[in-house]
Amino acid sequence: MLQEIVISGFGGQGVLSMGKILAYSGIKEDKEVSWFPAYGPEQRGGTANVTVIISDEPISSPVLNQYDIAIVLNQPSLDKFEERVKPGGILIYDDYGIRRKVQREDINVYRVNAMDESTKMDNTRVFNMIVLGGLLKIVPMVSLENVMKGLKESLPERHHDLLPMNEKAILRGMEIIEQEQKAKVAPA
Amino acid sequence: MSMDVNSIATPENLVYAKPELMNDTHMHYCPGCSHGVVHKLIAEVIGELGLQEKTIGVAPVGCGVFAYKYLDIDWQEAAHGRAPAIATAVKRLLPDKMVFTYQGDGDLAAIGTAETIHAANRGENIAIIFINNGIYGMTGGQMAPTTLEGMKTSTSPEGRNVETMGNPLKILDLLALLDGVCLATRVSVHTASAVKKTRRMIKLAFENAMAGKGTSIVEVVSTCNAGWKMTPAQANDWMVENMFPVYPIGDLKNV
Amino acid sequence: MAEGISLMKGNDAIAHAAIRYGVDGYFGYPITPQSEVIEVLMEAAPWKTTGMVVLQAESEVSAINMVYGGAACGKYVMTSSSSPGISLKQEGISYMAGAELPCLIVNVQRGGPGLGTIQPSQADYFQTVKGGGHGDYKLITLAPNSVQEMADFVALGFELAFKYRNPAMILTDGVIGQMMEKVKLPEFRRRRTEEEVREQCPWATLGKTADRGPNIITSLELGSAEMEENNKRFQAKYRVIEEKEVRYEEIQCDDAEYLLVAFGSAARICLKTIQLAREEGIKVGMIRPITLWPFPTKVLHGYADKVKGMLTVELNAGQMVEDVRLAVNGKVPVEHYGRLGGIVPTPDEVLEALKKKMDIK
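Protein chains in written order, with numbering that gives the first Met the number 0: chain A, 0 to 187; chain B, 0 to 254; chain C, 0 to 360.
Keep in mind that the hints were calculated from the coordinates and are not lab data.
One or more of the hints may lead you astray.
[Stated by the list, open to error] Here are the simulated DSS-like cross-link-like pairs (lysine-lysine), alpha carbons at most 30 Å apart as the crow flies:
| no. | chain 1 | residue 1 | chain 2 | residue 2 |
| --- | --- | --- | --- | --- |
| 1 | C | K47 | B | K53 |
| 2 | A | K167 | A | K151 |
| 3 | C | K356 | A | K79 |
Whenever a hint applies, use it, and build me the whole structure from the sequences.
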């Protein structure tokens, strides 16, 4: 198993921590993992992205040009990463703030309206967990049990009271993700 | 019975001796320089307090850079200005030792201002012996931050012009403002009574360092007769007349 | 999950490994992309457990001089910074080399010159292995390529530094500092007692005891004849290090027709390039220098007759390439591929460069 994933959005959307939870969950399953952020000076706003690799084998490059899965959470991220999804790969987006359709036809496209849903849940801070839930529904690369273990490890203990809310958000993400496009395979 | 030198030089007649911690290395200091006196006082005080095995001295660039040759204690030579940073680490890592720096005016008040102020502001439990003679002695008589207005040096040949070269820096006044400082005092070594007072203050500074009271700074307003181009006696008079009004002797802080 | 495995950034691993190794003091000043080192240390508060001192200095200049002070006491002391801050530390590094003081310095490189960028770079290679500060001196230089090596090289760095009484540097970059991977941290060792330090480091300034003369730590020697002797002693030591401490990794070199030469993060990228190249039938291997000084000159020289060409891949405009060319001495073409200003090349990009520069059809 090898999953090469990029998660990209605004700073403050929880892009990096979502990647972190994924990575933590990966090591709970004895996988090899790497998490490499495009780090910047911005604490909030600006753009943030992180490359997460989960693999059965030791990981070579933590820096990639092409991804199996791109999760894009704002327009600049779609513009940057759409073309870098491998043919037949997956693009997941939240249409909040996305102003155009995905153009490529050779990739699978999923929509998860996590921003709307988190507002409905009255907790925009679980936005990233809803997205994560959506991802795990499509590609169950790690079990929910291990995700919760990973979440527990990546959260400071003073925030452990938030675990049930996060689990709820992950489950909600699994419910609301929708496929928009199935990859057209180019004729051989 | 006739009197000869051996019958006079007996232990019971001894009134003065070189301190035990001073070795016989020939000093590089110019005749009449204040450094030798201050070295002797430091050696005496360390001996008196029984701190020889606990003392680590830090001597940075300046005339005092060779202090390590003259006193038989452990020493570190420091880059120009960095002694308080070095002393900080030594004292933090060895809290039961007595750590002091021996810095000149260029070192403490120009290139090492940041290190000095921040060590004092953290209240590092170190003693700083600060020789202020208003000139760069070792490099041959250039202007120091503490050079007086109008004073001629090789880099202020027409006298220090405060309009373009800044004012004499009263760094001890700045340091005395810091909460981390427990002792900020100005002394001199040009008379026997002044030497005694300086000895008391160095002792207090070393005691403060051992007691963990914070940073102690003993500024010794000094002469540099070679740099000032005077005889030692003239230099002493010139210091009293010109240096003391700008750098008045006495405690700025002693808590 | 395997026992004792955790997931953390390279910078975090440095901090945790330092506490566990029994480091006595860390002195640093924040700068991106390595501030996690001091942040993690402050959070961990090792002064409450191991007694390790952690101090945020007023500048990088102060921090390296604090390291000088601690090292002169025979203590395990370290600092970390990133390129602009490392430039500020050069004075102190030269003094420590001149005073023969062991310490560990970590440089999590970012792109320069000047304030440059906070993104990853390897443009401080020359600064590190060719001097940096003034005078004829050498810095033992370790180049980790993973979070695990970040943790492991804390111990290795101190061991080499104390073995040779010389500063050692971990030369890494924003990729390895900021990325998270699995790591197994070393076991806890207790800090050495003062008696142990006195025994292991008879030169240390811990207070003069009656049984010895004063210990004096200095790089100053005004007599030219004596200073030349000091320099000869340093050079003799450097030759021993060059003889005994070269470390490198050979990856798929057995049948290689082309060699990549890369260290640190670039070597990680090249691992994937090798895989991509071999999928296309191009036989590529890699020499990864682990010590940048001492440099694996002999091993590279040995491959000069065996391969058709070498490509150094560096996050700079071509620095290590000079040492590779010296090693092969014109026997085989040596080219360089690099990205600048904080851009990290991707594996496929490196493959394209290899094909183009080595004229592989």
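Each hint, compared with the structure:
Annotation: proposed proximity of K47 (chain C) to K53 (chain B) holds, straight-line Cα distance about 25 Å (limit 30 Å). At most 30 Å may separate the alpha-carbon atoms for a hinted pair to count; K167 (chain A) and K151 (chain A) meet this at roughly 14 Å. Distance hint between K356 (chain C) and K79 (chain A) is fulfilled; the C-alpha atoms sit about 29 Å from each other, no more than 30 Å.
The structure fails none of the hints (numbered hints given earlier).
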